[in-house]
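> What follows is the residue order along each chain.
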Amino acid sequence: MSAKNTLTGNDIKRIFERIADIMEETRDWLGELDGAMGDGDLGLTMSTGFRKAAEALRDLDEKDVGKLLAKAGMVIGQSAPSTMGTLMATGFMKGGKAVQGKEEVQLADLAALVHAFVEGIMARGKAKPGEKTIIDSLHPAAQALDQAISEGRSLKEGLAAAYEAAEKGVEATKAMISQHGRPAYYQEKTLGKQDPGATVGMLVLKGFVDYMS
Amino acid sequence: MSAKNTLTGNDIKRIFERIADIMEETRDWLGELDGAMGDGDLGLTMSTGFRKAAEALRDLDEKDVGKLLAKAGMVIGQSAPSTMGTLMATGFMKGGKAVQGKEEVQLADLAALVHAFVEGIMARGKAKPGEKTIIDSLHPAAQALDQAISEGRSLKEGLAAAYEAAEKGVEATKAMISQHGRPAYYQEKTLGKQDPGATVGMLVLKGFVDYMS
Amino acid sequence: MRKLINEPKDFVNEMLEGIYAGHPDMVKPVDGNLRCLVRTTKKEGKVGLATGGGSGHLPLFLGYVGEGMLDGCSIGGVFQSPSSEQMLIVTKAIDSGAGVLYIYGNYGGDVMNFDMAAEMAEMEGIRVMQVVAGEDVASAPKGKEDKRRGVAGIFFVYKIAGAYAEEMAPLEEVKRVADKVCANVRTMGVALSPCTIPEVGKPTFELGEGEMEIGMGIHGEPGVRRGPLMKADQVVDEILRPILDDLPFTRGDEVSVLINGLGATPKEELYILNRRVAQVLKSEGIKVYHTYVGEFATSLEMAGASVSLLRLDDEMKRLLAKPANTPFFVQPQLQV
Amino acid sequence: MRKLINEPKDFVNEMLEGIYAGHPDMVKPVDGNLRCLVRTTKKEGKVGLATGGGSGHLPLFLGYVGEGMLDGCSIGGVFQSPSSEQMLIVTKAIDSGAGVLYIYGNYGGDVMNFDMAAEMAEMEGIRVMQVVAGEDVASAPKGKEDKRRGVAGIFFVYKIAGAYAEEMAPLEEVKRVADKVCANVRTMGVALSPCTIPEVGKPTFELGEGEMEIGMGIHGEPGVRRGPLMKADQVVDEILRPILDDLPFTRGDEVSVLINGLGATPKEELYILNRRVAQVLKSEGIKVYHTYVGEFATSLEMAGASVSLLRLDDEMKRLLAKPANTPFFVQPQLQV
Ligand SMILES: Nc1ncnc2c1ncn2[C@@H]1O[C@H](COP(=O)(O)OP(=O)(O)O)[C@@H](O)[C@H]1O
Ligand SMILES: Nc1ncnc2c1ncn2[C@@H]1O[C@H](COP(=O)(O)OP(=O)(O)O)[C@@H](O)[C@H]1O
Ligand SMILES: [Mg+2]
Ligand SMILES: [Mg+2]
Ligand SMILES: [Mg+2]
Ligand SMILES: [Mg+2]
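Chains as they are written, first to last, in my numbering: chain L, 1 to 213; chain Y, 1 to 213; chain D, 1 to 336; chain E, 1 to 336.
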């Protein structure tokens, strides 16, 4: 499995299994993060949504990575119609579109995917960086992927860099004031707290990183 | 005040003051008795009703004992439209009618009054002796008055006998099963408990007795 | 007390002021007497329909005064009968020569006061007839129907008698139909929590968080059984059986269903009950003509619900379907 | 949990089964999909009005589907947005060529899903326009109106847009009027107790017996102030002032009033609130055209209430007065 520099549809399917596991493992923690200023359902919606997506992909006879991702997004949107579920649906559908037609994706494809993902979310949620949302972990991740490409890194290295950037992004949300969703009602009181949605963005990348190692 | 053998309108007014005091003094006890199987409002309704009646009589320029009693009944009925308030209204209106036109009443008049009172209540409440109601204290009292008359007793002695009979009547209700009002839902569970309404009947007579001594 | 009120003693009168302020086109007090409420319009020659009862049960009792239903209502303190004097005032205000029908629930204080009011009205030359509703099967066994409490089912009596009176039916006829409704309606309920009378300030009875009382009355009168809270379907099964057996309702009957919330129970739960009621009736071969779900007779903020069934015949069905328009209940003409 | 339910996970679907069983003449699921509810009748050429939102707010959202109001509703889990797929299903079912207007409350999840549904519908050749209701003055300051939560005031949007669509007004016109209602309605509320989401099993927030939260949202979103429970009149004064100042409503305005109960608050208390609202409006020289009192937007068994004012013009007044007939709301033609 060393020096693997592309991901196939099969890899994507297994990555979704891994993400589903991660969401399950972190369910209570995500619930607590969301519960502090939100409605506390994030652990539930993400573990359900990704599990359903992983199951749907498993049974799917489809090699096109883009279509697989779009399908995953649709399933998450239907099974978890919360804010994050809907954003994941949008993100994977837009991200999938960016790599549609490919049965193997490389680091550059992944960068395009994450960029499209983030842009989709920004359009859907009418949000931009710095407003304490999932964008604040995924946007830095997309930039890290660009950097990794320009530095000629491997797929594994690129993903690790993206994850690291997302981690930092999550940390940075502590200094931000929520502008969207329920937490926005609390304004200044959200200072010091890490954004649950940004955390989800980071955990999705963790699924890729875990799979690579 | 000794050997007083008639009651005037003025006496009646002061007797109502006394009854109002008694109802106030026993308010909590009546409330508890009623609360055991009923809605617990009896102390409140009786103290309010008799106080209002006493106040209404005080301001009334009327010598006719019958009219005074009828007025007292009306006031109680309006200010305490509970079962007991309504029965008191009926009782005093019917009782008043029995002595209407008299500015002084003797023991025989009082006997007629209490008989009419009880009959009024029986008709209004569609109840008869033995069904654990106010009738079970006032019906024996009426009979005791008859007996006192046939034995040639004084007004004071007659009223004392009536009160004593009412006391025994209240005691006897403990062995009865409620057939009317809320307590009737409890059936056998009412055994052993004294009837709150019968208690009120006894307390009204106590007002007369207290006044005579 | 978790209540949005001012002084407890002003509870009833302020509630009434709010009602008159909210529905000035529909109801008004008689000569400024807040507790004597009548329709703003009076139809010459129509039988007057009057009700009355304690406060704390909205929409009961006053909420059904309006087109196609009642003409007047006397209003008592919380859970207390109005006085016969109030009833007389309402009677005189709504009589237009065709007589007045009293329709009220079977509670000692109310019965006696309405009896007295009827006597006084007769003395004033107003013809009065009475219909006493008592349909709570949990409150007395079969054979002792006259001891039963009146609860939510009285809505059907108001609705049907009201529609008939609106058609200018004479007093005896309106009474006949109202009696027929009483004879064909049955109710049973369940309470999940007590309520607090504002002037008392503490709950009318105790009922633990996980407890329920099957058959409890709307003033907290004892039911048939207290026990741990069951699933909605089981609760329905337990209260529907005595209703079905009592009349009895049998295969081929056509009924109207009333699922009534006692105050604090969300409509979502009432519909979960209705789901089961519909299932059971279907399996019993009983046809549902029209279903009412909502709050029709409450006990302040008590949690719980009751189910009422009315067995219909053509006459009752036709009248039930007629339109009504009151501050608390509006119905367009239904398809018959 | 003091709830009449079966399995918590079946709460929404069983509630819906109860609704379909109770009102078979009025509403039906789309192709057996319980969570996509539409009117039984469809009028060719009429603009379709769709709404959607989480469960637990009955009559919101589905309760206003019927004659003179909405055509369809997508239903989410308790306090959760329905999916864009459900919305699309409803959109396709109610479109009859004249396009579809989405009217829903301003909550992140709902907004995004309706946006997605609108995009998908456009791809299928259905014209869709959107109106987002957000009128809770406690949820964001003046100037940030687009951040405000939609609460009970959405009833007015449904009522008026619904009446207009029923008159066969075109899509742009219905949207114009709906937007006008949104611009002229303001709401603020108070919560006295929390509610419990069946699948969560514990209260959504803590609020002591003698406490209240002014300005709290219908999912327990934070309000402007938490403190000891005040008298009803003071509560009204405290929530009415921000409403009046915000639009602002001024002397000579004519308004419709909506006093909304959150679930467990008895109608008696709502009328005590209405009494004070009427007093204040009178003293401010604001005329009341029509008052609605009852449960229009709830939060399961939450105790509390909200007050909404809609500033009327002739067009809105004429449409507000039109009849409506839905499972949860019936109104005859009102006098204008
Ligand atoms: N408009 C928005 N754009 C992007 N992200 C958003 C937006 N609103 C909320 N979020 C993200 O969604 C997260 C909460 O997701 P979720 O728990 O699903 O919300 P809810 O339960 O309120 O629907 C927030 O932490 C934030 O990261
Ligand atoms: N039908 C009846 N006839 C005579 N007395 C009755 C009748 N029903 C009830 N009572 C009496 O009334 C008493 C209760 O009075 P009260 O507390 O005023 O009743 P409630 O509060 O239920 O209206 C009972 O203890 C009983 O003595
Ligand atoms: Mg959440
Ligand atoms: Mg959520
Ligand atoms: Mg009592
Ligand atoms: Mg009483």
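Don't take every hint at face value.
Unchecked claim - Dumping the calculated DSSO-like pairs for lysine-lysine here, alpha-carbon to alpha-carbon at most 30 Å:
{"#": "1", "chain 1": "E", "residue 1": "142", "chain 2": "E", "residue 2": "180"}
{"#": "2", "chain 1": "E", "residue 1": "231", "chain 2": "L", "residue 2": "174"}
{"#": "3", "chain 1": "E", "residue 1": "180", "chain 2": "L", "residue 2": "193"}
Claimed, not checked - Computed footprint of chain D on chain E, listed as stretches where at least three residues anywhere in the stretch have a Cβ under 8 Å from a Cβ of chain D:
{"#": "4", "region": "29-40"}
{"#": "5", "region": "52-59"}
{"#": "6", "region": "228-238"}
{"#": "7", "region": "254-268"}
In short, the hints are calculated from the structure, not lab data. Glycine included, C-beta positions come from ideal geometry on N, C-alpha and C.
> All the hints need checking, so say for each whether the structure fits it.
Status of the hints after comparison with the structure:
| no. | hint | verdict |
| --- | --- | --- |
| 1 | E/142 - E/180 | holds, 17 Å |
| 2 | E/231 - L/174 | violated, 40 Å |
| 3 | E/180 - L/193 | violated, 39 Å |
| 4 | 29-40 | violated (count 0) |
| 5 | 52-59 | holds (count 4) |
| 6 | 228-238 | holds (count 5) |
| 7 | 254-268 | holds (count 8) |
In summary, the structure is inconsistent with hints 2, 3 and 4 from the numbered list given earlier, while agreeing with the others.
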